[in-house]
Amino acid sequence: MIEQAARAGTDVLIPRLSEICGPANVITDPQELATYECDGLTAHRCSPGLVVLPGSAQQVAEVVRACAGARIPFIARGSGTGLSGGALPRTDGVLIVLSKMRQVLAIDPASRRAVVEPGVTNLAVSKAAEPYGLFYAPDPSSQQICSVGGNVAENSGGAHCLKHGFTVHHVTGLQIVTPQGELTWLGDGTGAAPGYDLVGTFIGSEGTIGIVTKIIVKLTPIPEAVTTLLAAFTTMGAGGAAVSAIIGAGILPAAIEMMDALAIEAAEAAVACRYPEGAGAVLIVELDGPAGDVERETAAVRALCTQAGAYEIRAAHDAAERAAIWVGRKSAFAAVGRISTAYIVQDGVVPRTALPKVLDRIAELSAQSGIRVANVFHAGDGNLHPLVLFDDGDTAMAAAAEEVSGAILDLCIEHGGSITGEHGVGVDKAQYLPKMFEAADLDTMQMVRCAFDPDGLCNPGKIFPTPRLCGEVPGVRRGPHPLVAAGQLEQF
Amino acid sequence: MTADAIPAPLTSACSEVRTAVKSDAVGGVVPSYVAAPASTAEASAVLRAAAELGLAVVPRGGGTRLDWGAPPSRCDLIVETRLMDAVLEHAAGDLVARVQAGVRLDRLAEVLGRADQRLALDPPAGASGTSAGGAPAGGAPAGGTVGGLIAAGVAGPLRLRFGTPRDLLIGITMIRADGTVARAGGKVVKNVAGYDLGKLLAGSSGTLGLLAEATFRLHPRPPAAIYVSLACADAATAAAALLTAAGSALAPSAAELDWPGQDAPLNLAVLLEGDAEGVAERATRMSDLLAGETSVGRLTGLRASSEPPPWWGRAAATGGTAVRIAFWAGQLAGVLRAIRAAGTQAGLDPAVSGSAAAGVVHAALPADAPATAVAQFVTGLRDALGSDSEVEAAVRSATGPRGSVVVLHAPPAVRDTVDLWGPVAAVALMRAIKDQFDPDHRMAPGRFAGGI
Chain A
1 MIEQAARAGT DVLIPRLSEI CGPANVITDP QELATYECDG LTAHRCSPGL
51 VVLPGSAQQV AEVVRACAGA RIPFIARGSG TGLSGGALPR TDGVLIVLSK
101 MRQVLAIDPA SRRAVVEPGV TNLAVSKAAE PYGLFYAPDP SSQQICSVGG
151 NVAENSGGAH CLKHGFTVHH VTGLQIVTPQ GELTWLGDGT GAAPGYDLVG
201 TFIGSEGTIG IVTKIIVKLT PIPEAVTTLL AAFTTMGAGG AAVSAIIGAG
251 ILPAAIEMMD ALAIEAAEAA VACRYPEGAG AVLIVELDGP AGDVERETAA
301 VRALCTQAGA YEIRAAHDAA ERAAIWVGRK SAFAAVGRIS TAYIVQDGVV
351 PRTALPKVLD RIAELSAQSG IRVANVFHAG DGNLHPLVLF DDGDTAMAAA
401 AEEVSGAILD LCIEHGGSIT GEHGVGVDKA QYLPKMFEAA DLDTMQMVRC
451 AFDPDGLCNP GKIFPTPRLC GEVPGVRRGP HPLVAAGQLE QF
Chain B
1001 MTADAIPAPL TSACSEVRTA VKSDAVGGVV PSYVAAPAST AEASAVLRAA
1051 AELGLAVVPR GGGTRLDWGA PPSRCDLIVE TRLMDAVLEH AAGDLVARVQ
1101 AGVRLDRLAE VLGRADQRLA LDPPAGASGT SAGGAPAGGA PAGGTVGGLI
1151 AAGVAGPLRL RFGTPRDLLI GITMIRADGT VARAGGKVVK NVAGYDLGKL
1201 LAGSSGTLGL LAEATFRLHP RPPAAIYVSL ACADAATAAA ALLTAAGSAL
1251 APSAAELDWP GQDAPLNLAV LLEGDAEGVA ERATRMSDLL AGETSVGRLT
1301 GLRASSEPPP WWGRAAATGG TAVRIAFWAG QLAGVLRAIR AAGTQAGLDP
1351 AVSGSAAAGV VHAALPADAP ATAVAQFVTG LRDALGSDSE VEAAVRSATG
1401 PRGSVVVLHA PPAVRDTVDL WGPVAAVALM RAIKDQFDPD HRMAPGRFAG
1451 GI
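Sequence order for the protein chains is A and B. For the first sequence, my numbering gives the first residue as 1, with consecutive numbering after it. For the second sequence, my numbering gives the first residue as 1001, with consecutive numbering after it.
Every clue listed holds true.
The calculated label-pair distances, taken between Cβ atoms and stated as ranges, are:
# : chain 1 : residue 1 : chain 2 : residue 2 : range
1 : A       : R468      : B       : D1419     : 34 to 42 Å
2 : B       : D1288     : A       : A324      : 33 to 41 Å
3 : A       : Q368      : B       : S1015     : 47 to 55 Å
4 : A       : V271      : B       : E1277     : 33 to 41 Å
Because the hints were derived from the structure by calculation, they are not lab data. Being a predicted model, the structure only gives us computed values, none of them experimental. Glycine included, C-beta positions come from ideal geometry on N, C-alpha and C.
Let's have the full structure, built from the sequences with the hints guiding it.
Written out as structure tokens, the structure is:
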């Protein structure tokens, strides 16, 4: 019976899913399905078998239970802004879209906590917390549209994570639906729940071990003062030296961003950001905290930038001035569309001190291949976003760009870094993961997946290039199956 | 298995193996052997040999918290990390350090201090090696090791700003129960490649494997620190003051409470760190804020000092019972009342201290407190927190459980009487993880939440 259902595809689930979520929330029309065929990484596309839009945690659980019962794969999707194909659908699978679950359920200002549904946008949390003088610190650049549920899946960072940390540092409890379709809480909002840190384990697992249905986030007091500096340098080397000097002085800015000449050129073309003329590199340094400290640190950063060769420094003290400085940086990815028909965004990380060497090597790769590379990066934490430009009508050039992009990741690994700092592995980098980790490492990671999802139905094919066969663990009595006990409290 | 002859697989795996002595006991369970591998490779060989021999293994760092949790249901072999004590890499420019698990925290602090950096964790010193009698002459330092810190998942006052070991751990090398060496994370702070097994290992009490190496994110060591301290006569005022401090934009690094007994005043202190000028400025503002928030006459001794108050970051006395109460910080006043009520009902007067503004306090009871009274206290507190009427119904239904009362360590009589962990959410998933990593249940069996 189960095998027949699998062969019959996802259509067998239509009646049951319609019963759970209402027929209007089950999408079967091929044209409508096609609008879900990719996330923010458009290079990978696949139309889902079915799309379902549950309106509550209970509905998500019932949908997953229906999929699990029919042994049909399921994939969760938030706002679809992911950049590694983590929410890439499958033709033989159900895409569970969480965008209808967008309520901020509670704000507890005294505890500095909020409880939100997964479809709530990142920025909406900060907006809801603002009247209490609080904000939600992780701020991926897509924060106006990306969902907190997606942030949990990807352990999203943002420009300000240098000082404030990633999603995993700001989430203290999760309600999830297990891949068997059971609702359970991981963590209790305190950050000190007894037992294994399943919250930390779940965050960044890219939707492969369950679907999050409620999130308890930490809120942070809004900094008293914020200053944003823009420093222009003639060379990348000088800009890099300024970064090292700032960190070496024991200053921890909220953000340190850097752009090279080509990225600046693109930004000028797209949004006329009017960065200083002739800049070979611009540095954006944002400092936040108590007013006195920010004032002194701003002076120190100015001096260090000047010493490193900055020929122009601008400072923003209010939101409008700040926006004027950030507009170039924030538009950079889209802006390269003005100077190139197609491009690959990379997301490698290197130790900060290796940045100059790695940038030189990227320049060499670019010169050797004739493929232009625009560099935009979170300099403070060594997270590079090289934009590898090519003409998508030219297949040879596209292949060369792909090669340069891969070579950049190799460089990152060679220098002790990572193949992804914030975009995730998804489908896009699954083949690179074995370059960074050995088979035993990946095998050990997949034990976690086997514990949560022994049947391999939850977002299969992502992260790990080779799935681990879970099977029964020989030689031991297994504890109660998660189906039996998940979501319940037990006394021992 | 007798302790007389050390099995050949163990002696060939590791040059430092001896038969155990009584003082090697873990929670009263005397092991047969103690192995001290000197490298990851040797540690891997030891665990392979243990797997071959079917030995139950308890990892040991400095032994400072070996009396935490339940006694192991079996313990044949202790694997101690004292010879794995190298700081492998301190990349000062990257604010990252990679160390072996046996590195002592005091030594690490010294190495990092040379570059004006620190690992921003300040766990209390812990029991000074009561269970680590097998350590070589001189014993383990009170501060313990990196591996022990991570396995116990402990944090001190800096928890408010920097969190717990899991928040600063960016890479691990672990050895699974079968001897397999596995790595996760790396040596860059920003990294989302693969599952983050460090999170799973942090606070796992050695039940998933042996930690061999750890890589941490570091922070600049602040040049100046000021502690703003005061005393309050009542819990409500103290709670309001602490929450005001933590919710302020003055960026406190810690906000601690010390309440030695129900008739004693509540001591509070807020730590401000940074450059000297900024810290002085913020200390003045913090003092004003606290004075304004607390009603006049109920507050005494407001002062700012570069020295911590004597009670700062102190661990509960050894030998007694230590209970960790975790809660949503906004409930602090209610939690403090509940602790006193449960104490009174059980005829006990616990000393209460900890990172109250971060939602974690400890209640300490003396070694001679009757076991039944301690059990009554713990149960009474769990009931009171579970039915806190101050919690908004909507929030509670949205969030499920909102805190925990865990007995960290206790004398044997108490341990046998009381449920150490209380309710554990998602315990079935935890068991499934344990079964994957340690299918034969040989790593610190029975030590952990849910009987894991």
